[in-house]
Amino acid sequence: MDAGLLHLLHQALFGAIAAAGFGVLFNIGPKTLVWAMAAGALALGVRTLGLQAGWSLEAASFAAAIAASCAVRFVRIWLGAASNAVALAGCIPMVPGAFMSQAILGLFAVTAPHPENEVATIVLAMEYMLRVIFTLGAIGAGLAIPTHLLRNKDF
Amino acid sequence: MTEASDPVLLKHRELERIAMAALHAARLFLECGARVKVVHEGTELIVRGLGAECVGLRTGHASNEITVSHGVNTITRMMSVGPHGVNHRLDHALRAFCVRISRGGMSADAVEAELGRLARETPRYSPATVAVAVGIACAAFGRLLGIDWAAFGPVLLAGCVGQYVRHHLRVRGLNYYVIGAVIAFLASGLGGFGSQLLGSKTVPLAMMASILLLVPGVPATNAQTDIMDGYPAMGSARAVTVLMVMIFATVGVWIAEVLLGVG
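If you read the sequences in order, they're chains A and B.
All residue numbers for the first sequence refer to the numbering used here, where the first residue is 170 and numbers rise by one.
All residue numbers for the second sequence refer to the numbering used here, where the first residue is -10 and numbers rise by one.
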C-alpha cells in the first residue's frame, strides 16, 4: 500500500482512538462516543491530507476543524444539540499541548545560569509558542465559524 | 402588616427563589464546561419558564450574578462556582431540563430539586474506566506525535496511572495546579522510564505524550469561543487558567527529565 495512504489511515485511526478516549474523560455518552470517534478520524484525516499537500500545521488544523464542524451538521438529526461537543471532541487530538510544554521548557532553558545556544533556544521556544497560539486559534475558529454561519434553534 | 399579606415582600421572595434556581443551573453549567453563551441561554429559559424576566446575568470564572424582575420588583443575587471540569452528559441533561422548564408549569423549588437530582444521578464512567480510556488516548495521541511502538505501552500505562491518581487527588481537594505538576511528574516519569527500559528512541516525546491528559483542550477552545461570543473577561480567565495548568505541568515534566537525564 502507498506510504502516504498508510500514514493517512494511521493518523485517522489514532485520531479516532484519542477522541474516544478523551470523550470518556469528558463523560460523553457511549452512543455519542462513536460519533466523536468518527469526528476524530475525519479531523485527523483532513489535517494529514493538508500537511501532505504542503500546508502549514495551522492551515491544516483550520481545515480539519471546519470539516469536523460542518460534518456534524449533516448528522444533526441524530446528534441534536450534542453536535458541537462531538466536533470539539474530534478536534481535541489536534490541540498542540506537547508544543506548549516544549515552548515552556525552552523558556526554562533560556533562564538557566549559563544557557547554551540561547538565541537558538529562544527562537525555537518562540516558534513553538506561536505555533500553539496559531493552531489553537485555527481550531477554535474552524469550529466556531460553521456554528455561527449555520445557526440552529437547538439548545 | 404580616409578611404573608405584604405582596411586595412575597414577590421578592418568589423572585429570590427563581434567581437562586437560575444561579444553581448556571453554576452547574459552568462546572461541566459549558460556554458562557450556553449558560446565559439556559438561565434565561429557566427565569422565563418560572414567570419572571431576566434583566441581566454576569458570568465570572468563580461566581455568577443575576438580576431578575417581575413588574416593578427586581432582585439581584450572586452564587459562587466550584472547580470547572468537563461533563458532557450533565451539560446536555441540563439543557434538556432548561427547555422543559421554559414550557412553564414548574415551581422554583421543583427546579432546584431536579437540578440537585441531575447533578447527583447523571451517569458517569467509573474512575477505573476513565483511567484506562485516558491511558489509551494518551498512547494514541503519542502515536500522532510520533512516538515509536516501544514507547506505546509505557505511555498507555503512564496515562492510566496519571488519570487514576489525578482523580483521587481531586477528590481530596488538592489545588488544581499542584495536581497538574504532581501528575505531570508522575506520568512523564513513568512514561519516560518505561520507554527507556524498552529501548525506545522517542523518550522525550513519550514523556510529553504521557502528560497530554493534563492539556485543557476544552477550556482552551472555550476561551476563544467565549471571546468571540462577546465575553472577553471569561475567555481571558479561561486562557490564563490554561496557561497556568501548562506551566505547572511543564514543571513536573522538567523535574522528571532532570531525574531521568532526558532533554
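Keep in mind that the hints were calculated from the coordinates and are not lab data.
Bear in mind that the values here come from a model prediction, so they are computed numbers and not experimental data.
Treat the hints with caution; some may be incorrect.
[What the hints assert, rightly or not] When the alpha-carbon atoms are kept at most 35 Å apart in a straight line, the in silico DSBU-like pairs for lysine-lysine are as follows: (1) A:LYS200 to B:LYS26; (2) B:LYS0 to A:LYS200; (3) B:LYS190 to A:LYS322; (4) B:LYS26 to B:LYS0; (5) A:LYS200 to A:LYS322.
Do the hints match the structure? See the list:
1. A:LYS200 to B:LYS26: 26 Å, holds
2. B:LYS0 to A:LYS200: 45 Å, violated
3. B:LYS190 to A:LYS322: The hint is violated at about 51 Å.
4. B:LYS26 to B:LYS0: 28 Å, holds
5. A:LYS200 to A:LYS322: 23 Å, holds
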